[in-house]
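Undergrad: Sequence:
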Amino acid sequence: SDGLYSDNEFTERAYADGVVIEARDLKFVHENPIYTQKEADQQLIHHNKPEFYEKGKAIYEKRKVSNWS
1 SDGLYSDNEF TERAYADGVV IEARDLKFVH ENPIYTQKEA DQQLIHHNKP EFYEKGKAIY
61 EKRKVSNWS
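Quick note on numbering: the working numbering labels position 31 of the sequence shown as 31, and the sequence is numbered without any gaps.
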């Protein structure tokens with residue numbers, strides 16, 4: 001999946017643009033099996049393959065050094 005690390009880019013760019021609203025009192029429940037210790041389904045197992053993380057990180061790093069272009 002090419003979308004891994006997209007949250008990293010989004011967050012970094014939002015801070016750089018000065019558009020982050022710090023509202024740490026808001027709580028969101030993230031029910032991903034990684035956090036809940038529940039059994040992952042086949043889609044999540046596929047999505048979390050190490051090669052997808054490697055590819056996502058490579059895309060992120062390449063975009064970062066080229067100023068996100």
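The set of hints was computed from the structure by calculation and includes no laboratory data.
Take the hints with a grain of salt, since some may be wrong.
[Unchecked claim] Label-pair restraints from in silico Cβ distances:
#, residue 1, residue 2, range
1, I34, E9, 19 to 29 angstroms
2, A40, N8, 29 to 39 angstroms
3, T11, I34, 14 to 24 angstroms
4, S66, K38, 32 to 42 angstroms
5, E22, I45, 33 to 43 angstroms
6, T11, A58, 12 to 22 angstroms
7, N48, F10, 14 to 24 angstroms
8, A16, I45, 26 to 36 angstroms
9, N32, W68, 23 to 33 angstroms
10, S6, P33, 17 to 27 angstroms
11, K62, Y15, 12 to 22 angstroms
12, A14, K57, 31 to 41 angstroms
13, N67, K38, 15 to 25 angstroms
14, E31, T11, 27 to 37 angstroms
Positions of the beta carbon are idealized from the N, C-alpha and C atoms, including for glycine.
Undergrad: A separate judgement is required for each hint: does it hold in the structure or not?
TA: Structure-based check of each hint:
no.	hint	verdict
1	I34 <-> E9: 19 to 29 angstroms	holds, 20 angstroms
2	A40 <-> N8: 29 to 39 angstroms	violated, 22 angstroms
3	T11 <-> I34: 14 to 24 angstroms	holds, 18 angstroms
4	S66 <-> K38: 32 to 42 angstroms	holds, 39 angstroms
5	E22 <-> I45: 33 to 43 angstroms	holds, 35 angstroms
6	T11 <-> A58: 12 to 22 angstroms	holds, 18 angstroms
7	N48 <-> F10: 14 to 24 angstroms	holds, 19 angstroms
8	A16 <-> I45: 26 to 36 angstroms	holds, 34 angstroms
9	N32 <-> W68: 23 to 33 angstroms	holds, 26 angstroms
10	S6 <-> P33: 17 to 27 angstroms	holds, 20 angstroms
11	K62 <-> Y15: 12 to 22 angstroms	holds, 20 angstroms
12	A14 <-> K57: 31 to 41 angstroms	violated, 19 angstroms
13	N67 <-> K38: 15 to 25 angstroms	violated, 40 angstroms
14	E31 <-> T11: 27 to 37 angstroms	violated, 21 angstroms
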